[in-house]
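Engineer: Listed in order, the protein sequences are those of chains A and B.
Going left to right, the first sequence walks through residues 3 to 153 as the numbering used here numbers them.
Going left to right, the second sequence walks through residues 4 to 110 as the numbering used here numbers them.
None of these hints come from the bench; they were simulated from the model.
Don't take every hint at face value.
Claimed, not checked - Capping the alpha-carbon separation at 30 Å, the derived lysine-lysine pairs in DSSO-like fashion look like this: (1) K90(B) to K140(A); (2) K13(B) to K78(B); (3) K138(A) to K78(B); (4) K90(B) to K78(B).
Unchecked claim - Covered by chain A, per the in silico footprint, the following chain B stretches (three or more residues, Cβ under 8 Å): (5) 7–13; (6) 18–32; (7) 84–97.
As the list claims (entries may be wrong) - Chain A regions said to be covered by chain B (calculated; three or more residues, Cβ under 8 Å): (8) 59–66; (9) 77–91; (10) 106–119.
Note that the Cβ used here is the ideal one computed from N, Cα and C, for glycine as well.
Each chain, letter by letter, is given below.
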Amino acid sequence: MKHENEAVIRFPSLSRNEAFARSVTAAFAAQMDPTVDELNDVKTAVSEAVTNAIVHAYPDRVGPVTLRLRRLDDNILEVTVKDLGCGIEDVAQARQPMFTTGGADRSGMGLTIMESFMNALSIRSRPGRGTTVRMKKKLVGRGDPDCKPRS
Amino acid sequence: MTFTSFLQDKRLTILLSGEIDHHSARETMEAVSEKIRVYLPRYCELDFGAVTFMDSSGIALVIHTLRAMNELGGKLRLTSVPPQPRKVLLASGIQNLVALSQERSPA
Ligand SMILES: Nc1ncnc2c1ncn2[C@@H]1O[C@H](COP(=O)(O)OP(=O)(O)OP(=O)(O)O)[C@@H](O)[C@H]1O
Ligand SMILES: [Mg+2]
C-alpha cells in the first residue's frame, strides 16, 4: 500500500516515554489536519498501547518499544506499537473489557478504549516473543474549505 | 501532574491537574489515599478542571478513590470533567458508580 509519510521511533520501556509517544504522535497527526477530538482519540489510544508495552510486556526489565506512524491513503493514520516482551497467551481474553493481569493499579480498559477510539485494532502476539498492536483511524478533519491540498 | 487539596466541613476537594497517565497516576493515587486517610472526609470531590489528558490509568485512580470513600461510608463526586477525560471515563462505565459532572460543584 502506498503511504505518503512515515515515522519510526524506538525508545526504551520507561514510563516517562508515555508522554513522549503521545506528543510525537500528535505532531505527526497534526499534518493530517485532524479535529481536536480526533487528535485526543489518537493520543489516548497511543497512550494505552505504549503503556501496555511498558507495564505488561516488560514487567521487570526495560526493553525496546517501537512506535511506527504512517499516513495512508484517504487520510488514514496507522499507528503500530511493537514490543519484544512476554507476549499475550490469550488475545481474545485480553480484549475483554475489565480483563487485567495488572491488579488494582489497572482497570483492564486499555484495549477496549483502543478499539472504540480508533476505527480498527489488530493484535499479533506470541508468548515469549512479543506483541504488535496496529490501529487505524480515518481523520475526517475539520473540513475547512480554505484548507489547501497538503504537499 | 500536580495536586492541590482543601478540606471544609468534612468535604475534601482535590484539584487534579496536568496529564494523568501510568507515569503520574501512582503518585497521585498514593497522595489521594493519604489525604482521605488523614481527613476522613464525608464527601470527596475530584476536580478534573485542570486535567489536560487522561488515559485508563485515571479510571484506576477513580476506582481506588471510590473504594476508599466507600470504606468510610462517604460519597465521591467527579466535577469539572473536560471532554477528553470524560470520554475515557464514560468508556469504562464508571458513571454507573459515581456522579460525574462537567460543572463545578456548588460552593
Ligand atoms: N503488550 C503487551 N504485552 C503483554 N501483555 C499485554 C500487552 N498488552 C496487553 N496485555 C495483557 O492484556 C491485558 C489487558 O490489557 P488492557 O490494556 O485492556 O488492560 P490493562 O492494561 O490491564 O489495564 P488498563 O489499560 O485499564 O490500565 C493486560 O492486563 C495484559 O495481561
Ligand atoms: Mg492497558
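Engineer: Each hint should be assessed against the structure and marked as holding or not.
Structural biologist: Going down the list of hints, with the structure as the test:
1. Simply put, K90(B) and K140(A) have alpha-carbon atoms about 19 Å apart, close enough for the 30 Å limit, and the pair holds.
2. Distance hint between K13(B) and K78(B) is fulfilled; the C-alpha atoms sit about 11 Å from each other, no more than 30 Å.
3. For the hint linking K138(A) to K78(B), the alpha-carbon distance of about 40 Å lies beyond 30 Å, and the restraint is violated.
4. Straight-line distance between C-alpha atoms of K90(B) and K78(B) comes to about 22 Å, which keeps the hinted pair within the 30 Å bound.
5. For a cut-off of 8 Å, the count of residues in the segment 7–13 of chain B with a CB near a CB of chain A stands at 0, and the three-residue condition is violated.
6. Check on the segment 18–32 of chain B: 7 of its residues sit with their Cβ under 8 Å from a Cβ of chain A, so the three-residue criterion for coverage holds.
7. Interface restraint, the segment 84–97 of chain B with chain A: holds (6 residues with C-beta to C-beta distance below 8 Å; minimum three).
8. Counting residues of the segment 59–66 of chain A whose CB lies closer than 8 Å to any CB of chain B gives 0, which falls below the minimum of 3, so the coverage claim is violated.
9. Check result for the segment 77–91 of chain A against chain B: violated, 0 residues qualifying (beta carbon to beta carbon below 8 Å, three or more required).
10. Only residues whose C-beta sits within less than 8 Å of a C-beta in chain B count toward coverage, and the segment 106–119 of chain A has 10 of them, enough to reach three; the restraint holds.
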